[in-house]
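Enquirer: Each chain, written out:
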Amino acid sequence: MNSQSQAVDTFIKKVFAFLDEKDSQQLAPFLQCFDPANSKIIVNANPFAQPAVFLETWQRAVVQTQHVLTGLDYHVIPGTGTTICSVNGKVRFDESGRDKEGQDSAVAELAGVANAGAGPRAPAAKPRPMWGPYFGTSLQLVLDDRVFNGDHNSVIYSFNYTMVYKPDDSLMSV
Amino acid sequence: MQNIYQNPNAFAQPNPLDKRVKISVRGWQNATRQDLVSFVSRKTRIGIVDSTVEGNLVVGFVNSQTDAQSLLNWNGVRFAGNALKFEILGSGTGDAGTSKTIVLLKSFLYKRYSPQTKMLDLGNLRNDPDLATNGLFSSQTTQSKIFPAMMKLASKESQLVVESINLSDNDLRDLNMISCLAQTYPNLKNLCLANNQISRFRALEVWKNKFKQLRELLMMNNPITTEPLYQSEILRLFPRLVILDNVVVRNEAKMQQVFSIPMKLQQFFFENNELGASSLEFVSNFLTLWDTNRNQLMALYTPQSQFSVAVDSSVPASSVPNADQNPTFGYYLPLSRNLTKVSSERTKQQRLAMGPEAIDKLFNSMPKTKHFLQEQASSYSVEAFSYAQVQGFTITLHGYFDEVAHPDLDANKSTPNSAGGRNRRFNHGHANTTNKLARKSFDRTWVIVPSQGTVIIASDLLNIRAYVDGSWVAQQQAQEPLVQGQSPAPQLASQPVQPMPQNPLQPAVSGVPATAMPTAPLTLPADVQAKLNPIQLDLLNRLHQQTKLNAEFTYMLADQSGWNFDVAMKGFQESVNNIPREAFI
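The listed protein sequences derive, respectively, from chains A and B.
All residue numbers for the first sequence refer to the UniProt record's numbering, where the first residue is 1 and numbers rise by one.
All residue numbers for the second sequence refer to the UniProt record's numbering, where the first residue is 1 and numbers rise by one.
Just so you know, these hints were derived from the structure itself, not from any lab.
Check before you lean on any hint, since a few could be wrong.
Each computed DSS-like pair below joins lysine-lysine, with the alpha-carbon atoms no more than 25 Å apart [said to hold, decoys possible]:
1) A:K100 - B:K264
2) B:K145 - B:K100
3) B:K341 - A:K13
4) B:K22 - B:K208
5) B:K43 - B:K22
6) B:K570 - B:K100
7) B:K348 - A:K14
8) B:K254 - A:K100
9) B:K254 - B:K264
10) B:K85 - B:K106
11) A:K22 - B:K264
12) B:K341 - A:K14
13) B:K152 - B:K19
14) B:K189 - B:K85
15) A:K13 - B:K348
16) A:K22 - B:K254
17) A:K100 - B:K212
18) B:K19 - B:K106
Quick caveat, the model's predicted, so the values are computed rather than measured.
Using the sequences and the hints given, assemble the complete structure.
Expert: Dropping the structure here:
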């Protein structure tokens, strides 16, 4: 039991870390966590045909995020080899106006001044994110019981992620 | 029918209520409204009457301006662990001078407002003949008050839809006088501050992160524009600014993309129509029994079924609409299987209920509830999709409930373990507050297995969290929750189902249209309407929107006021306390 709940906890934290990952090179290991044939992915009640499409969209079109785990519970469904997890958390977004690649929406010469050398002209410098207020999230996962053995390969059968509350002072529109 | 509008003296009669002054109190939340009123009366010898709770304020009336002023001297007085803050919201009707100023400023606002461009032109105020003649710009003191007063009036005028404001040529050195603009028009898109005397970034700092929609700003002919960091500082202060002094400073398309999450919130997701219909039916039936007779739900649980409740006690940011900043989970904490909080293996095992008997006991250890699935369908969000391994499906419901009664079994008392003992020892005196009944938000996920014409619940995961408005709820709807007798919210069962092709999964279209709408236009009897000209009809509609009076009374008010909007509004404000309830829609 101990190892079971810790294994789930570890896996969920890994999922959150993947979602918060800026480096697109890290997408491949996350993609491997999804069952390639049958996984169902629903985000804010929008379905995705394939895990790769979801991850590509998340990487390309969502700014850097920071997830915090605030609640976790799960039930092993006997005789099915699967477990259902209910996860609660909160997420905030980088509201600096830059995308994950560090590209600023401010016109180049201004961005250069504003970020003291950051932006497209100096990609080596890492501008710090300007975190906005937290949104609430609720995530339900159906996982293969192999996750209890630390096996994260193709274990996600469904991934239902919903932003359940939103602050009205965020710049993000969702 | 006898009514106040047939008695011209009604408006002029002195009314003791006229002297009352409206006040508000902040920081009282650790106790009840009644406790607060008693405390204030005892401590200050000033009675607050007709008090009501409005958001985080208690709003009420004191007998006179003197009382109101004395109350302000008590700001900071400790009550139930917090410092109270009193504020004067305004006198009942005010004296004649104030009313005159209000009428004057209101007509000024309308004179300077262009509905076509949605612009409020407040440029060069000191040279406005109306304001100058009435001495409103005669001294520094009146000047500093006139703008906030204007903004306060403007915020109450629902017809003033303002996207642009011109504040040029006002000799402004800082924003002190106009800082309240951010409260009145937080969604302002265009602002002109040209030809003023603003010279320091510090002066603009009060507006940092305030105008999150501001697209264009004009600051020409201010000393600040010559500062070397001028543009970058302005960009920092206004995160969505695109045009500064007629120069494009941000790539708008890129900015829209950066600040937009492509997975737009939807209220519903159903993998197919059939699942949509059966999920909604299940949720509706389940919650009806959950609210009335939980024991009857036991038929749905088998000896293998599991149920657990988890408390997410994180407090949502205060900027989340209607967020409960002081949630209490006293009844749930001893049951909570939130594995990020519970470390003991034994406890994790104990708090997982398996089989009807254990589940029933857990159900009865939670407060009795009322959900509002029928009355307030828009506050609930559902996702349902198949779960092949159980040959069934999962339903996840997000929403809220009111706790209406204490549980039959109190877990705080029924588990006399060491933790219970500790609670009593260190939490004495707080028992009532930790276990008070309140509104909560929740997420609940069922794993459903169809079986012989009925269903079995294989797993039931309930997460309880502090109340917030759901993210999918349109804001105007959220602001008026549960008004009885008003246009009923659409019922869940009648919602169009958001379909999803079987396979592969594809993005589906929007679920439910927002139903928020302002007060309905006035409907007059045809014979009355036929006699009115378009200007009169417009005036009636404006009065109706403003006063919420019904058609008959709106007409009488307009007729008695010589079809003058300002006179009518003044008359209405002065006699609002005497107007019978049935006069309102």
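Enquirer: Does B:K22 pair with B:K208 here, judged by a C-alpha cut-off of 25 Å?
Expert: violated (31 Å)
Enquirer: Keeping to a limit of 25 Å between CA atoms, is the pair of B:K254 and A:K100 held or broken?
Expert: The given pair, whose Cα atoms are some 13 Å apart, holds under the 25 Å limit.
Enquirer: Below or equal to 25 Å on CA atoms is what counts here, so check B:K254 against B:K264.
Expert: holds (18 Å)
Enquirer: What's the verdict on A:K100 and B:K212, does the C-alpha distance respect the 25 Å limit or exceed it?
Expert: Distance ~21 Å between A:K100 and B:K212 Cα, so the pair holds.
Enquirer: B:K348 and A:K14 were given as a pair; does the straight-line alpha-carbon distance stay at or below 25 Å?
Expert: holds (22 Å)
Enquirer: Just to be careful, I want the Cα atoms of A:K22 and B:K254 compared with a cutoff of 25 Å; is the pair within it?
Expert: holds (18 Å)
Enquirer: Would you mind confirming whether the straight-line C-alpha gap from B:K43 to B:K22 stays at or under 25 Å?
Expert: The hint holds at about 19 Å.
Enquirer: Run the distance test for B:K85 versus B:K106: straight-line Cα separation, threshold 25 Å.
Expert: Roughly 30 Å between the alpha carbons, so the hint for B:K85 and B:K106 is violated.
Enquirer: Quick one, are B:K341 and A:K13 close enough, alpha carbons at most 25 Å?
Expert: holds (15 Å)
Enquirer: Is the hinted pair B:K152 and B:K19 satisfied, with a Cα-Cα distance of at most 25 Å?
Expert: The given pair, whose Cα atoms are some 21 Å apart, holds under the 25 Å limit.
Enquirer: Check the hint pairing B:K189 with B:K85 against an upper bound of 25 Å on the C-alpha distance.
Expert: The hint is violated at about 33 Å.
Enquirer: Mind checking the alpha carbons of B:K570 and B:K100 for me, to see if they're no more than 25 Å apart?
Expert: Distance ~9 Å between B:K570 and B:K100 Cα, so the pair holds.
When the structure is compared with the earlier hints, violations turn up for hints 4, 10 and 14 and for no others.
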